Amino acid sequence: MGRFWKELTKGVVISNPLFILALGFCPALAVSTSVDNAIGMSVGVTFVLLGSNLIVAAIRRAVPNIVRIPVFIVVIATFVTVVNLLFHAFVPAIYEALGIYLPLIVVNCIILGRAEAFASKNPVLVSIADALGISIGYLLALLTISFIRELLGTGGLSLFGHELFTLPVLGEDPMTLLILPPGAFLVMALLLALFRKLGVMKCE
Amino acid sequence: MKLSQWKGIYPVIFITLVAFVSVALVAWTDSITKAQIENQQEQKIQSMLKEMFPDMSRYTLEDDIYIIYSDGAEVGYAFLAVGKGYGGKISILVGLEDEDTIKGITIISQSETPGLGGRIAESAFADAFAGVNVNDVALRQEGGQIDGITGATISSRAVVEAVRTTAMEKVKALKERR
Amino acid sequence: MNNLIAIFLGLAIINNFIVAKFLGLCPFFGVSKKLGNALSMGLAVILVMLIASVATWIINHYILIPFGVEYMDIIMYILVIAALVQMIELFIKRTNLILYNALGIYLPLITTNCAVLGITLINAGEGYTLLESSIAALGGGLGFTLILIIMSGIREKLEIADTPRVMRGLPVAMLIGMLLGLTFFGFGGIV
Numbered sequence: 001m002g003r004f005w006k007e008l009t010k011g012v013v014i015s016n017p018l019f020i021l022a023l024g025f026c027p028a029l030a031v032s033t034s035v036d037n038a039i040g041m042s043v044g045v046t047f048v049l050l051g052s053n054l055i056v057a058a059i060r061r062a063v064p065n066i067v068r069i070p071v072f073i074v075v076i077a078t079f080v081t082v083v084n085l086l087f088h089a090f091v092p093a094i095y096e097a098l099g100i101y102l103p104l105i106v107v108n109c110i111i112l113g114r115a116e117a118f119a120s121k122n123p124v125l126v127s128i129a130d131a132l133g134i135s136i137g138y139l140l141a142l143l144t145i146s147f148i149r150e151l152l153g154t155g156g157l158s159l160f161g162h163e164l165f166t167l168p169v170l171g172e173d174p175m176t177l178l179i180l181p182p183g184a185f186l187v188m189a190l191l192l193a194l195f196r197k198l199g200v201m202k203c204e
Numbered sequence: 001m002k003l004s005q006w007k008g009i010y011p012v013i014f015i016t017l018v019a020f021v022s023v024a025l026v027a028w029t030d031s032i033t034k035a036q037i038e039n040q041q042e043q044k045i046q047s048m049l050k051e052m053f054p055d056m057s058r059y060t061l062e063d064d065i066y067i068i069y070s071d072g073a074e075v076g077y078a079f080l081a082v083g084k085g086y087g088g089k090i091s092i093l094v095g096l097e098d099e100d101t102i103k104g105i106t107i108i109s110q111s112e113t114p115g116l117g118g119r120i121a122e123s124a125f126a127d128a129f130a131g132v133n134v135n136d137v138a139l140r141q142e143g144g145q146i147d148g149i150t151g152a153t154i155s156s157r158a159v160v161e162a163v164r165t166t167a168m169e170k171v172k173a174l175k176e177r178r
Numbered sequence: 001m002n003n004l005i006a007i008f009l010g011l012a013i014i015n016n017f018i019v020a021k022f023l024g025l026c027p028f029f030g031v032s033k034k035l036g037n038a039l040s041m042g043l044a045v046i047l048v049m050l051i052a053s054v055a056t057w058i059i060n061h062y063i064l065i066p067f068g069v070e071y072m073d074i075i076m077y078i079l080v081i082a083a084l085v086q087m088i089e090l091f092i093k094r095t096n097l098i099l100y101n102a103l104g105i106y107l108p109l110i111t112t113n114c115a116v117l118g119i120t121l122i123n124a125g126e127g128y129t130l131l132e133s134s135i136a137a138l139g140g141g142l143g144f145t146l147i148l149i150i151m152s153g154i155r156e157k158l159e160i161a162d163t164p165r166v167m168r169g170l171p172v173a174m175l176i177g178m179l180l181g182l183t184f185f186g187f188g189g190i191v
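Chains as they are written, first to last, in the numbering used here: chain V, 1 to 204; chain L, 1 to 178; chain G, 1 to 191.
A portion of the hints provided could be inaccurate.
[To be verified] From chain G, some residues computed to sit far from chain L (all C-beta separations above 12 Å):
1. Thr95
2. Leu99
3. Tyr100
4. Leu103
5. Tyr106
6. Leu109
7. Leu138
8. Pro164
[Claimed, not checked] Listed below are several chain V residues computed to face chain G (Cβ distance under 7 Å; list not exhaustive):
9. Phe25
10. Thr81
11. Ile100
12. Pro103
13. Leu104
14. Val107
15. Cys109
16. Pro181
17. Pro182
18. Phe185
19. Leu186
20. Ala189
21. Leu192
22. Ala193
23. Arg196
24. Lys197
Calculated from the structure, these hints are not laboratory results.
Treat the numbers as computed from the prediction; the structure is a model and nothing was measured.
From the three backbone atoms N, C-alpha and C, an ideal C-beta is built for every residue, glycine too.
Please construct the entire structure, taking both the sequences and the accompanying hints into account.
Okay, structure coming up:
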């Protein structure tokens with residue numbers, strides 16, 4: 001049981017997918033324009049990661065080596081398709097906001113990476129812990145980026161349609177650059193530099 | 001079957017099984033979400049039309065023009081217009097009071113620059129279209145009455161052009177319908 | 001014709017795959033400072049994007065839509081792309097061993113490159129014809145290659161520049177992505 005929590009917490013900070021492992025940037029930078037989208041994306045990734053880690057760990061002994069990668073790909077693609085359909089049907093606003101980045105979860109290095117590096121070599125329960133940890137880490141990373149981008153880029157925060165607050169000065173004249181694509185690069189670069197300065201990450 | 005033969009075809013059987021289960025799962029998900037997804041498109045149009053024509057009781061679609069009824073009487077028309085903006089396609093729902101006047105517009109989707117062109121989605125811009133004659137839809141700097149968004153001329157013009165050209169087209173069709 | 005130019009320029013410059021759509025970032029950050037390698041990588045990606053676009057268009061129009069199984073798109077597309085990359089890898093290995101060694105691990109990684117699956121999803125989403133899909137793939141791929149080439153040139157200068165320790169490597173590469181993105185932003189409105 002101790003191992004469960006150890007793997008879970010590992011994924012959150014030490015092996016944080018975005019900031020430490022530096023995986024899965026593509027969708028992260030694209031959807032972090034608002035906190036809503038970040039949460040939506042994270043839920044999608046969580047579902048897929050949990051599903052794929054669970055199944056891969058469950059069948060790991062039975063999978064013949066030759067077809068290992070194609071099998072993993074089919075499993076992951078299945079979960080992504082399911083998530084895509086569910087989102088389309090039940091949360092259409094988030095579905096439209098995420099656009100092609102939701103199906104692109106299937107090529108997200110994080111998912112295949114975890115399946116290959118972890119779930120295929122570890123029992124089911126621990127693999128679930130790993131999936132949860134990585135997902136929480138991903139959520140936190142995305143929240144950090146999107147919080148900054150939405151707050152400074154639009155001058156306020158709104159959660160699922162409810163406007164939480166608007167800032168005094170930035171509310172009228174926000175730093176629009178931040179919610180545009182170049183702004184994502186900027187925020188990410190500064191955050192990475194910050195984490196390195198704080199010693200959380202190693203420099204090159 | 002010899003062990004070596006079994007080992008040979010086992011991978012094939014395995015992956016076929018996996019494919020089978022995947023397809024089944026996805027097909028099942030599709031069947032439970034299909035109705036919901038098809039509904040959405042219709043619901044979206046309906047709520048937008050209702051917002052534009054508050055006393056709408058029902059509507060029909062004839063040749064890409066929505067005819068709005070209020071208790072049996074034709075109270076207006078609506079149609080979709082597409083403009084080419086700075087960042088891509090702008091989808092607009094245009095409402096007509098009668099064959100000459102615009103009732104209003106609703107921006108359905110756009111990918112203009114937030115804070116600049118994106119402001120075409122604000123009510124201030126859309127309100128300027130209300131009551132305007134179909135032939136007079138133009139920006140103020142081009143002789144019309146509609147104020148463009150400062151610093152977003154391309155986006156503003158895209159909407160204005162799309163509304164005017166499509167409106168004139170649909171009005172012609174409406175007149176021929178009679 | 002205008003339509004095709006708009007699609008091409010749109011995906012190559014205005015909605016550039018790397019700096020505007022964030023597709024294909026992994027090769028961007030890992031690209032070497034050798035122009036030759038960047039070019040090879042870019043060309044390989046263009047090739048895969050083009051063939052994948054055609055293949056997925058055929059699958060979409062002759063299998064998925066007629067049988068009403070559009071929901072199988074993600075699974076089918078990724079399998080086609082994986083198979084394609086395998087075949088191209090084998091082909092390059094047989095015909096040009098030097099190129100094969102130069103591309104190294106990056107070749108199989110094209111399978112998980114967001115750009116390839118990305119273009120197939122964009123084509124399907126926009127409902128492009130076969131010709132439009134091909135032009136889109138060409139535009140997207142060329143834009144991708146352009147950024148890679150630019151980056152490889154800048155990398156060279158970066159090596160000898162005095163970058164602050166915390167910014168070295170990934171962060172400064174991101175900043176360059178930002179600057180390139182801002183520059184390309186100015187092209188909006190061309191079409």
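Hint check:
no.: 1; hint: Thr95; result: 29 Å, holds
no.: 2; hint: Leu99; result: 31 Å, holds
no.: 3; hint: Tyr100; result: 26 Å, holds
no.: 4; hint: Leu103; result: 28 Å, holds
no.: 5; hint: Tyr106; result: 27 Å, holds
no.: 6; hint: Leu109; result: 23 Å, holds
no.: 7; hint: Leu138; result: 19 Å, holds
no.: 8; hint: Pro164; result: 31 Å, holds
no.: 9; hint: Phe25; result: 5 Å, holds
no.: 10; hint: Thr81; result: 5 Å, holds
no.: 11; hint: Ile100; result: 4 Å, holds
no.: 12; hint: Pro103; result: 5 Å, holds
no.: 13; hint: Leu104; result: 5 Å, holds
no.: 14; hint: Val107; result: 4 Å, holds
no.: 15; hint: Cys109; result: 6 Å, holds
no.: 16; hint: Pro181; result: 5 Å, holds
no.: 17; hint: Pro182; result: 4 Å, holds
no.: 18; hint: Phe185; result: 4 Å, holds
no.: 19; hint: Leu186; result: 5 Å, holds
no.: 20; hint: Ala189; result: 4 Å, holds
no.: 21; hint: Leu192; result: 5 Å, holds
no.: 22; hint: Ala193; result: 4 Å, holds
no.: 23; hint: Arg196; result: 4 Å, holds
no.: 24; hint: Lys197; result: 5 Å, holds
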